[in-house]
Amino acid sequence: MKRVITLTGLAMAIGLASMGAQAADYVAGKDYRVLDNPEKISGDAIIVREFFWYGCPHCNVLDPHMEKWAKTKDKDVVFFKTPAALNPVWEANARGFYAAQLLGFEDKTHSALFDAIHKDGKKLFDQSSLSKWYASKGVNEKKFNSLYNSFAVGTKIGRSQEGAKRYQLSGVPAVVVQGKYVVTGESAKVPKIVDYLVDKARAEKK
Numbered sequence: 003m004k005r006v007i008t009l010t011g012l013a014m015a016i017g018l019a020s021m022g023a024q025a026a027d028y029v030a031g032k033d034y035r036v037l038d039n040p041e042k043i044s045g046d047a048i049i050v051r052e053f054f055w056y057g058c059p060h061c062n063v064l065d066p067h068m069e070k071w072a073k074t075k076d077k078d079v080v081f082f083k084t085p086a087a088l089n090p091v092w093e094a095n096a097r098g099f100y101a102a103q104l105l106g107f108e109d110k111t112h113s114a115l116f117d118a119i120h121k122d123g124k125k126l127f128d129q130s131s132l133s134k135w136y137a138s139k140g141v142n143e144k145k146f147n148s149l150y151n152s153f154a155v156g157t158k159i160g161r162s163q164e165g166a167k168r169y170q171l172s173g174v175p176a177v178v179v180q181g182k183y184v185v186t187g188e189s190a191k192v193p194k195i196v197d198y199l200v201d202k203a204r205a206e207k208k
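Taking this note's numbering, the leading residue of the sequence shown gets 3, the next gets one more, and so forth.
There's no promise every hint is true.
What follows is a list of derived Cβ distance ranges for each label pair [to be verified]:
1. Val29 with Phe82: 22 to 32 Å
2. Ser130 with Val29: 37 to 47 Å
3. Asp122 with Ala30: 34 to 44 Å
4. Lys207 with Ser172: 44 to 54 Å
By construction, these hints were calculated from the structure, which means they are not laboratory data. For every residue, glycine included, the Cβ atom is placed at its ideal position computed from N, Cα and C.
Given the sequences, and given the hints that come with them, work out the whole structure.
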């Protein structure tokens with residue numbers, strides 16, 4: 003028994019050392035980017051925004067990693083999914099996302115739309131195809147189409163575009179932490195870097 007405890011303790015020590023080494027390996031300019039003019043965010047919460055486009059294969063790979071992270075994130079972290087609207091095609095998907103969000107269907111349809119496009123090969127990049135697809139998931143098609151070009155959705159699109167410009171984003175996926183740090187990539191490493199930056203942003207508040 004003593005040997006097991008000793009070995010377990012050694013394994014834990016090695017594991018902790020490894021975790022420390024991994025965190026220390028996250029380097030600005032390599033693993034993440036620091037914005038020259040960071041956004042000033044007031045309040046106690048740490049804001050994390052994931053910019054994505056449903057047609058992006060890299061965003062599709064990252065999605066399950068971020069979904070898993072969102073379920074275990076710290077309580078003081080507020081997570082926003084932000085569809086990028088950098089061109090007309092991307093904007094169509096962004097409008098669909100926000101229309102579904104306003105109707106209370108974000109959680110039910112978000113990952114499902116990635117699957118429909120990347121696993122099922124469906125072309126869902128305009129209002130007509132999107133309205134029919136969302137309707138197949140239980141969304142009221144008439145309400146969806148009404149919201150699609152509404153002022154409310156247009157306002158959210160504008161904020162997404164302003165955010166992409168402010169954070170100097172030229173592509174997706176991109177995860178922005180506290181309006182200051184930008185993480186790109188699609189691997190399971192991304193949420194780990196995000197957690198590292200959340201801790202960093204939290205420490206900077208003190």
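Open item on the list: Please list, smallest to largest, the hint numbers that this structure does not respect.
Closed with: Hint 4 is the one this structure does not satisfy, whereas the remaining hints hold.
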